[in-house]
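First to last, the sequence lines map onto chains A and B.
For the first sequence, this note's numbering begins at 1 and goes up steadily by one.
For the second sequence, this note's numbering begins at 1 and goes up steadily by one.
Watch out, some of these pointers could steer you wrong.
[Claimed, not checked] Lysine-lysine pairs mimicking DSSO-like chemistry, simulated, CA-CA at most 30 Å apart:
#1 K148/A / K72/B
#2 K115/B / K148/A
#3 K148/A / K96/A
#4 K115/B / K158/B
#5 K215/B / K96/A
#6 K96/A / K225/B
#7 K72/B / K14/B
#8 K96/A / K242/B
If you're looking for bench data, these hints aren't it; they were derived computationally from the structure.
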Amino acid sequence: MTSRRKKAVSRYGMMNTVFFLLLLFCVLGCLCIGKYTISPGECLHILAGKLFHLQGDWQAMDEKLLMGVRFPRVMAAVLVGAALSLSGAVYQGIFKNPLVSPDFLGVSSGACIGAAMAILLSCSAGWIQLFAFAGGIGAVALTVLIPKAMRSDSNIMLVLSGIIVSGAMSSILGFIKYIADPQTQLAAITYWQLGSFAYVDAQALLGILPLSGIAAAVLLAMSWWINILSLGEQEARSLGANVGLLRGLCIVCATILTAGAVCISGTIGWIGLVIPHFGRMLIGSDNRGLLPTVCFIGGMFLLIVDTTTRIIGPAEMPISILTGIIGAPFYAWLLYRQRMNLR
Amino acid sequence: MIYEVDNLTFSYPKGERKVLDHASLCLEEGEILCILGPNGAGKTTLLNCMAGLLLPEGGSICLCGRPINSMKAREIAGIVGYVPQIHTPAFDYKVLDVVLMGRAPKTGIFARPSKEDEALCMRTLESMNLAHLAHRSYLDISGGERQQVIIARAIVQKPKAILFDEPTAHLDYGNQHRVLKRVRQMKEEGYSVIITTHNPDHALLLGGKAAIVGKDGHIIQGESKAILTEETLRSIYETDLKLLWVEEAGRTVCIAPGL
Numbered sequence: 001m002t003s004r005r006k007k008a009v010s011r012y013g014m015m016n017t018v019f020f021l022l023l024l025f026c027v028l029g030c031l032c033i034g035k036y037t038i039s040p041g042e043c044l045h046i047l048a049g050k051l052f053h054l055q056g057d058w059q060a061m062d063e064k065l066l067m068g069v070r071f072p073r074v075m076a077a078v079l080v081g082a083a084l085s086l087s088g089a090v091y092q093g094i095f096k097n098p099l100v101s102p103d104f105l106g107v108s109s110g111a112c113i114g115a116a117m118a119i120l121l122s123c124s125a126g127w128i129q130l131f132a133f134a135g136g137i138g139a140v141a142l143t144v145l146i147p148k149a150m151r152s153d154s155n156i157m158l159v160l161s162g163i164i165v166s167g168a169m170s171s172i173l174g175f176i177k178y179i180a181d182p183q184t185q186l187a188a189i190t191y192w193q194l195g196s197f198a199y200v201d202a203q204a205l206l207g208i209l210p211l212s213g214i215a216a217a218v219l220l221a222m223s224w225w226i227n228i229l230s231l232g233e234q235e236a237r238s239l240g241a242n243v244g245l246l247r248g249l250c251i252v253c254a255t256i257l258t259a260g261a262v263c264i265s266g267t268i269g270w271i272g273l274v275i276p277h278f279g280r281m282l283i284g285s286d287n288r289g290l291l292p293t294v295c296f297i298g299g300m301f302l303l304i305v306d307t308t309t310r311i312i313g314p315a316e317m318p319i320s321i322l323t324g325i326i327g328a329p330f331y332a333w334l335l336y337r338q339r340m341n342l343r
Numbered sequence: 001m002i003y004e005v006d007n008l009t010f011s012y013p014k015g016e017r018k019v020l021d022h023a024s025l026c027l028e029e030g031e032i033l034c035i036l037g038p039n040g041a042g043k044t045t046l047l048n049c050m051a052g053l054l055l056p057e058g059g060s061i062c063l064c065g066r067p068i069n070s071m072k073a074r075e076i077a078g079i080v081g082y083v084p085q086i087h088t089p090a091f092d093y094k095v096l097d098v099v100l101m102g103r104a105p106k107t108g109i110f111a112r113p114s115k116e117d118e119a120l121c122m123r124t125l126e127s128m129n130l131a132h133l134a135h136r137s138y139l140d141i142s143g144g145e146r147q148q149v150i151i152a153r154a155i156v157q158k159p160k161a162i163l164f165d166e167p168t169a170h171l172d173y174g175n176q177h178r179v180l181k182r183v184r185q186m187k188e189e190g191y192s193v194i195i196t197t198h199n200p201d202h203a204l205l206l207g208g209k210a211a212i213v214g215k216d217g218h219i220i221q222g223e224s225k226a227i228l229t230e231e232t233l234r235s236i237y238e239t240d241l242k243l244l245w246v247e248e249a250g251r252t253v254c255i256a257p258g259l
């Protein structure tokens, strides 16, 4: 019997290796595809050249396009997709509710306020990102503080508190939009709210990377304990879990991931809700296997969606339009597949 | 002495209706204790306080001589295994993965269970004749099987005491009997066992000690045979119950009168 189990453990490893290779394949493909096509061979050649500081005989324009524009954008799409999916899966696990998405504690609405304020004050792109990050973290802090002030530590209180904070935030956002200059600022806020990778800044991406990387590593290391938390507070405690500490760590890390993602690309809907479900269908509910899986397929999904927006329209279309168009029917199909398990 | 509960007080909502009022009891290692009482009396509250899941308003609980409110969840889980009522989890885990969760008290917060832990869980399932379920989904198996799986999870915690919250609720008659048999067997294997139940007959079947939580929140504790008299049972359940010796079953049973 133990040998069968060994197979199960290595099955996570094998499936996740497959997903990782698929992701790499998609990355290479999407680096080549675009209004101006670069061949995969040349693409690899340039990447290897950059990595090992080699001189090469590729065209200077190709290098500029690949390294200056396409590579940061592709990396941003993969990292944002992975971050949103991972934090979505973690939130669903710790709140033992498969209907939760990463922004339900108010990260996205808080980040929107931050970004909108920065746009209103005519700040530079760097400041908009910083404001968005701070706004996201601030909103979640507020959400977490309300139940504390009421001396309650139940999950329901936290979820309701998230609804309160999100509601208040969207009112404030409405007010900011109302007083914003309709010609320039309002358009910028709306565009930001729908998310886009068109203006990804490589510096900002590198700035966010260390903190997000640590948060993701902590969550992946705690993946088995997320199984325990998903049993509910009381049962987790009866199994010896320090529920307050574990849940707090998960919320902090998942919030950093989401806020980091949102400040790179603006808010992007659906992905944090849909991808964890899809992952569970592929590899099962055990978070030890699921968390790496959602990182890979989430990154892949957003990369493909972003590449599609890059190719199809004459002007850059905001990405939430496509994630919604794809995400909603996809979610309906997933629910149809799982209808027996949802009760 | 594994448990010493002294003058425990608890009320819902806080400060209003007392479900436990200066309740005291004690349990030696290897004993079995059945907690009885009418609906709304503090049976489950008492059990949850003893598992360290609820904080009593007054009084003290000592587990192996140490006050339970000074112990960490992890320490308590190393001594006490808790079997909650059957429920449906939000996510679909494999049976073996559910049992594996019992290894949590021995696992660090950035760690996961080892191969040895998995082997232990598999052996435990085999010893309970549940090995065929190991790779099934926990959502697909029956209520009776789930109860057995959760018992296996408590066993791999390697506790000294196992607490059952109404282990027979939601089970058919055969499964109720099988669970009680398992509970009895746990006692034979040296565990201290505490269960809550709605059926006084279960206390008679299991023998050992019984504790009756009254509507007033007081506890009567003693040997089942001694305290479960017709008079006491009639007063707790407000029904004309009878205790009869049944020759064919070889035991005393508790039955209700005709309707």
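Next item on the list: Decide if the proposed pair is consistent with the structure: K148/A and K96/A, CA atoms, cutoff 30 Å inclusive.
Entry: The hint holds at about 20 Å.
Check: Is K215/B close enough to K96/A, meaning Cα to Cα at most 30 Å?
Finding: Given that 30 Å is the threshold and the Cα spacing comes to 35 Å, the pair is violated.
Notebook entry, point to check: Between K115/B and K148/A, does the CA-CA distance stay at or below 30 Å?
Noted result: Violated. K115/B to K148/A sits at ~40 Å, over the 30 Å cutoff.
Note to self: K115/B and K158/B were given as a pair; does the straight-line alpha-carbon distance stay at or below 30 Å?
What the structure shows: OK: K115/B and K158/B at ~17 Å, within 30 Å.
Next item on the list: Starting from K96/A, check that the Cα of K225/B is at most 30 Å away, please.
Entry: Judged against 30 Å, a Cα distance of about 44 Å means the pair is violated.
Next item on the list: Mind checking the alpha carbons of K96/A and K242/B for me, to see if they're no more than 30 Å apart?
Entry: Roughly 46 Å separates the two Cα atoms, so the pair is violated.
Check: Does K148/A pair with K72/B here, judged by a C-alpha cut-off of 30 Å?
Finding: Holds, at roughly 21 Å.
Checklist line | Hint consistency between K72/B and K14/B [alpha-carbon to alpha-carbon, up to 30 Å] | finding: holds, 24 Å
Checked against the numbered hints above, the structure breaks hints 2, 5, 6, 8 and satisfies the rest.
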